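Quick note, the sequences are listed as chains X and V, same order.
Residue 1 is where the first sequence starts when you use my numbering, and the numbers rise one by one after that.
Residue 1001 is where the second sequence starts when you use my numbering, and the numbers rise one by one after that.
Just so you know, the hints here were simulated from the structure itself, not pulled from any lab data.
Misleading hints may appear alongside valid ones.
To be verified - Stretch-level coverage of chain X by chain V, calculated; a stretch enters the list once three of its residues show a Cβ under 8 Å from a Cβ in chain V: (1) 25-38; (2) 249-263; (3) 270-282.
Computed from a predicted structure; not experimentally measured.
C-beta atoms are modelled at their ideal positions from N, C-alpha and C, and glycine is treated no differently.
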Amino acid sequence: MLTGVVAQLLNGVQYGLLLFLISSGLTLIFGVMGVINLAHGSLFMIGAYLAFAVASATGYFWLALPAAVLGGLAFGAALERTLFRRFRTRPHLDQVLLTFALILLFEEARSALLGNAFHSVPIPAALDFSVPVIGGFGYSAYRLVVLAICLATAAAMAWLIERTRIGSAIRAAAENTEMLDLLGLDASRIHTMVFAAGTALAMLAGALAAPLQSVYPGMGDGFLILSFIVVVIGGLGSIAGAFWAALLVGLIDTLGKAYLPQAAGIAVCAMMAAVLLWRPTGLFGRG
Amino acid sequence: MIVASRTGQSLLGAAALAIASMPFWASPWHMQLASTALVAALFALSLQVLAGATGLVSLAQAGFFGLGAYTIYLLGSPPIWITLPAAMAVAGVAALLIGPLALRTKGFFFLMSTLAFGQMLFFVFHDTPLGGGTDGQFIQRPAIGFLVSRSARPMVMLLLNLGVLTVVYASLCALMRTALGHALQGIRSNENRMAALGHDVQRLKLIAFVLAGALGGLAGHMSTLTDGFVSPDLLGWHRSAEALLMILLGGIGALHGPILGAFALTAIQEAGSLITDRPKLIEGVVFLLAVVFLRQGLAGLWTRRGPGTPIPRPVMGAESNRDRGGKPAILRAESVSRRFGGLLAVDQVSLTLEQGILHAVIGPNGAGKSTLVNLLSGEIPLTSGRVSLDGRDISADPAWKRGSLGIGRTFQRTNVMRDMTVLENARLAAQARASIGLLRSAATDDLVQTAWIALDRSGLSAMADATAGMLSHGQARLLEIAMAQAGNPSVLLLDEPLAGLGPEESLPVAALLRDLAKDHAVLLIEHDMDVVFAVADIVTVMVNGRVLARGTPAEIRGSADVRDAYLGHGI
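Assemble the whole structure, with the sequences as input and the hints as a guide.
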């Protein structure tokens, strides 16, 4: 019983960290560019299918991770240059519809290229064993590695944003979109970089998640909703808020699904409602 | 929001007649298809109450649609005269519960939280046994009141759906002409200004949210009545997004836009599945092109937003605005302070505004003058101190409440409903304080008359039918003042009404200020010393958030302190 709880707690943390990879991109893209991207969940789905394609074509799952990051950077930059920059000043409704149209197109492209079947990606053989944790119970080594990769990514992001020049430009932009122009920074390059980074993070999360669950059409949808909830709870444009909120949502969703499956989805939404009642700008939001 | 012109309404009527005649010439399959489009139109129209009329983009709408649909299943298919009102009531109550929470947020957050609340409703039917499982249920369709044979069902449903859509559309056309409809459009245009005028914005938005929810439930009810099927997918957020697409496709600026969009979308989907085995691909490409290029939607292809329909000027009695009958108003601020982080922007300021007296506040930039106005009007909360109006403590009242109690204000930067006409702006200001029912026509003579009087007094009558966003800077400043006084306030807070005006423009405004002080308690923030010394009865000098001196213009002009601290040179 106790070991089960510990395992579920670890699962919750690991799930929450994956959620953080997705929602940090969502919150940065909105914070810096003022753009709502509903297709962010589809990018996660694309990352997972990419991992499936790479792993089944080459037999090396690990190749999928750099492929997801590099592919995500290129894909994100292309999307930003061709479409998203035109929508920065458009009303929210237009952004919603643009990105909804992208969801339809991404799903169709996926269906045309890889079909509509469910797939599973095997856990890489080198990590397909259990690591003894507290009290002699074993926990999947792959899951621990995912946990470590997510934490390392979060630490790298924190360093990048807090300690570097580009990071201070991003913070300035998240504070005030016009600030970049005032500071004489090249806003257009920063927008491309932020969008590319957000895309790469979502696709990396998809690739990492592929061996943990099945790869299937529409798999990004659940993650999209949860990462929206994370952003609302964490507060707009706040990376720290996204981090803690993602952990919270990951834990509640995982524990809920394990112990009270009928109420898990409702519980997460109810928690968001409670946060909205208490602090409409989110736990770490300004104002 | 454009309500279709007479020609447009005739075209819609002709289309309705064509649909009504389908039983004579169309196959049951075509009638079924038309029913699908009618239900889609009803659903998109329900969302237009929020998206187009109020400017709220909600992704929870499918949740209400699904609740309406499941009501039939949960009640066990009683006759339609029970299911129809029940579906609207269930969805409306859900909207009443969700609305106050979701409406605590704005913009992006509103979108996200409605998405999450919509999904919460989805989970209720997807994850629990309440709705009969994740795959959905075929249900016994309720009796429609008279004997309907199986073969006549498509025809009866077609006519019923057409009837419901017609009634809802006609009701919404009427609603757009009421005080409520105008107020919602004002919120879409400029929510903060509507609150400053004294409109209870939160309550109005909640009314729109609940109305939209109930109509969404009605659409879901008609959908299930037509198809005889419920499933959790009815509540999925993709359906909300699809309804938004219909609105965009048809035209967000027009009340009939969603109807055009729903028929266009149904046609695109049908055509797509006829010519290809990937209809979603066609759909996605069409949406992408529509959202990039078709800004005004189909309705925008043949209607242009000119200035609103000119409203004939009513025959007027005496200038009733001036006579308030009560005793002269007094606004009192006692030691009000406001801290922003480490900065004490306003520090222990006390002042009194009385009817008949023009009280000017001057001071260098950053002295806290605009913050003081925002504290008095309720735009920002006090850190400490007390504000009272006629002895009533209003320190804790929000901006709209103070507006409704009779505090009018202008903004330093022009802040009007830019896409509405000058007269409509003034009329919304008048409507905020006139205690007329929300469902009365917005064009009632007394409101229009009050608005006209305010425009007359500000010298803007000639521009009454111009769009507010098109005014020159000077005219926009006058509109600010006209709106502040159209609400018939007892106190006027004027934040740099002359900012940016040339000398020939400011003279008439200065005269207007003097005139306004006769029947209002006026606070004037102004940089132009010549104007201040010419029009003010009392001058308060603020420096660094504190009151440095107060007195008659002559005293202030003569004060050595003021000269040293502020006026400095040349006076």
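We went through each hint and held it up to the structure:
Given as covered by chain V, the stretch 25-38 of chain X passes the check, having 3 residues with a CB less than 8 Å from a CB of that chain where 3 are the minimum. Counting residues of the stretch 249-263 of chain X whose CB lies closer than 8 Å to any CB of chain V gives 3, which reaches the minimum of 3, so the coverage claim holds. Coverage of the stretch 270-282 of chain X by chain V holds in this model, with 8 residues showing a Cβ closer than 8 Å to a Cβ of that chain against a need of three.
Checked against the numbered hints above, the structure breaks none of them.
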